[in-house]
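Single-letter residue listing:
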Amino acid sequence: MDPYALLQIYIFVLAGFVGYQVITKVPALLHTPLMSATNAISGISLVGSIVVAGHDFSALATVMGFVAVTAATINVVGGFMITDRMLRMFRRKEKPSS
Amino acid sequence: MTTSLIQISYLAAAVLFILGLRGLTAPDTARRGMNMAALGMLAAVVGTLMHHDIVRYEWILIGIVVGSAVGAAMAIFMPMTAMPQRIALSHAFGALAAALVGLAKYDIFMAEDTLGHARMGAIAFEVMFGSLTVTGSLMAFAKLQELMRGSPITFRGQNAMNISLFAVTFCLFLYLIYDPSQRELLYVVAGLSLAIGVLMVLPIGGADMPVVVSLLNSYAGLAASATGFAIDNNVLIIAGALDGASGFLLSILMSRAMNRSFANVIFGAFGTPQVTAGAKSSAGLTVRSITVEDAAIQMAYARLVIVVPGYGMAVAQAQHQVRELAEQVEKRGGEVKYAIHPVAGRMPGHMNVLLAEANIPYDKLLDMDEINSQFANADVALVIGANDVVNPAARNDKASPIYGMPILNVDAAKAVIVMKRSMNPGFAGIENELFYDEKTSLLFGDAKASLGKLVSEMKNV
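First to last, the sequence lines map onto chains W and L. Quick note: the first sequence uses numbering that gives the first Met the number 0, first residue 0, plus one each step. Quick note: the second sequence uses numbering that gives the first Met the number 0, first residue 0, plus one each step.
Don't take each hint at face value.
[What the hints assert, rightly or not] Subject to a maximum C-alpha distance of 25 angstroms in a straight line, what follows is the list of computed DSS-like cross-link-like pairs (lysine-lysine): (1) L/K336 x L/K413; (2) L/K438 x L/K413; (3) L/K330 x W/K24; (4) L/K447 x L/K330; (5) W/K24 x L/K447; (6) L/K330 x L/K458.
Bear in mind the hints are in silico, worked out from the structure with no lab data behind them.
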């Protein structure tokens, strides 16, 4: 088996474990922002889309790349903004000012 | 040189993503964490722009500008109550990008003759999961936004059809790995996956939507990971794994909170054909309705009020009025706590976000395990637009579709006031015997209006 592919599998598995460890510690209070945040992060497919859109390989590929870039950007920008909007709202009980 | 710079930016992005998610473990560190993750994303994007394969920048730039505008508009203009739909829609976009990249890269790899079997497998997986997440998420969006019926749509032989469709697609997937030259087959797989996405979500309704949205989140992540395998991009693999793990975990947590097995939620659709309301019927039972004035008196003299928010509160956008009510109770020396059931609302954590938006301090929002024992001390349990999560049938009625689901012990409270628009059954379509209990009174009307009136009445007591 291609050693590089094996390395990629290691990375995937390790990342999965890290993800599991981190996410089990997120309180139920923050589950909605968590969904939104992981959604925003998965918009990293923007990176792949950019290369395809800029490759100038064929008309079809460029169109697909362009749509992909647009869609992924909606995902990223929207996702980060909405997560921030949600997180801004979580406030502790204010200390009473005398 | 540029390749190393790109790789470094990817590494930085991966690290920042993980640190960012870790920030979400507490509300105080959450925003900072997200800023780090955003920085990571920026680093990855800027790094990619230096990629040697790129010869034209126009389409990239136009795409980014248009995408940013639409994304920002979605974030700014969609109300908090539409949060679940918004996230579903976002999944659709992300998955679309993954699927399209797969299809385009297939052609590019074929031309470069670098399309090995493993890489073909990654691309086919990416196209498959990407496509089914697109349609699945759009379906979830439609159901949540009430563009179509929220209740499960089932028909005879549905499970058999879905399974055979999936089996056929899977076989084509395997064949493609065996013979990567069959370009048309890849498109067939894409088309079939689009259909699978629709059919998968069709029979799911009601309280199960949070599980579906989490699961689709997971699939979008897996598609992103597969893209990473296909184009040798490690940050994609890592980000996809993080997203996949998160979505999957949340789905399992949700299912457990409903006391149903995960498989049952996805494939069960409450069993075919649709079970109606177990054995209990409401014929001959009366409900006690209460006026705003009487309710105000109960609330004014209560020492402990536990508020149980549900989807109805979200629909009525009544969260701010809830806070005003809480202030009235606290002014009289009472205490207000909020009982958040894990599947209240249409998304995990939905209620928390809405109440936080209303400036309710988050340490008052207690989850089911923390608060269930306190209901016995509560003078008033105020149920606002929640139905299934307080339905005693889950404890008592073996024939009920929600049997076994842990619920909030609202019936242990000294008095229960339920705010509802009408006697119509909730999203899952089940009768709720809590409403007919002698300790329970119903305050009919739109939650926002009722709460507003309740607050003004309380000021007069």
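Hinted pair L/K330 and W/K24, Cα distance within 25 angstroms: violated (35 angstroms)
Straight-line alpha-carbon gap W/K24 to L/K447, limit 25 angstroms: Given that 25 angstroms is the threshold and the Cα spacing comes to 34 angstroms, the pair is violated.
Agreement of L/K447 and L/K330 with the hint, judged by alpha carbon distance not exceeding 25 angstroms: Distance ~21 angstroms between L/K447 and L/K330 Cα, so the pair holds.
Restraint check for L/K330 with L/K458, where alpha carbons must lie at most 25 angstroms apart: Roughly 10 angstroms between the alpha carbons, so the hint for L/K330 and L/K458 holds.
Straight-line alpha-carbon gap L/K438 to L/K413, limit 25 angstroms: At roughly 7 angstroms apart (the allowed maximum being 25 angstroms), L/K413 and L/K438 satisfy the hint.
Pair hint L/K336 and L/K413, alpha-carbon separation not exceeding 25 angstroms: holds (15 angstroms)
Taken one by one, the earlier hints fail for this structure at numbers 3 and 5, listed in ascending order.
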